[in-house]
Amino acid sequence: MNKVKIERKLRRKTDPSLVSTIITSKKNPAWIKISHIISGPRRRKIALNLDEISAQCKDGESVLVPGKVLGTGNLDKKLKIVALHFSESAREKLKKSKIEMLHIDEEMKKNPHAKDIKILTERK
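If you read the sequence shown in this note's numbering, its first letter stands for residue 102, the second for the next number, and so on.
Calculated directly from the structure, the hints in this document are not laboratory data.
Among the hints, erroneous ones may be present.
[What the hints assert, rightly or not] Keeping only pairs whose Cα atoms sit at most 30 Å apart, straight-line, the calculated DSS-like set for lysine-lysine is:
(1) LYS159 / LYS146
(2) LYS179 / LYS219
(3) LYS181 / LYS146
(4) LYS128 / LYS219
(5) LYS196 / LYS216
Whenever a hint applies, use it, and build me the whole structure from the sequences.
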């Protein structure tokens, strides 16, 4: 995960919030893996439904989705979900369930060493 490769990929990005997230995560060695994932091409972006997240996690975990959280299914566990984007239906379901949801930038400020975070990168 080379910083130069991330910098090259960053030149093609036009979304200002995505660019700032990549720059911030690239500066911190603990978050460099996340910057590599989110700086990739759009066709490789990750989108996980709530039921897929629930199947892969245990109660009380902090989960990072380097992509979008979608609203299909229900979440039956108390989690802290960190993601780039949340769909409207996912936001509503998470608010009703009183589950903490954060943007990646906010989590980088709260947890600069990326401790106790499980990264979900694929469907199971």
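Here is how each hint holds up against the structure:
1. LYS159 / LYS146: 24 Å, holds
2. LYS179 / LYS219: Distance of about 14 Å is within 30 Å: holds.
3. LYS181 / LYS146: 21 Å, holds
4. LYS128 / LYS219: 20 Å, holds
5. LYS196 / LYS216: At roughly 25 Å apart (the allowed maximum being 30 Å), LYS216 and LYS196 satisfy the hint.
In terms of the numbered hints stated before, the structure departs from none.
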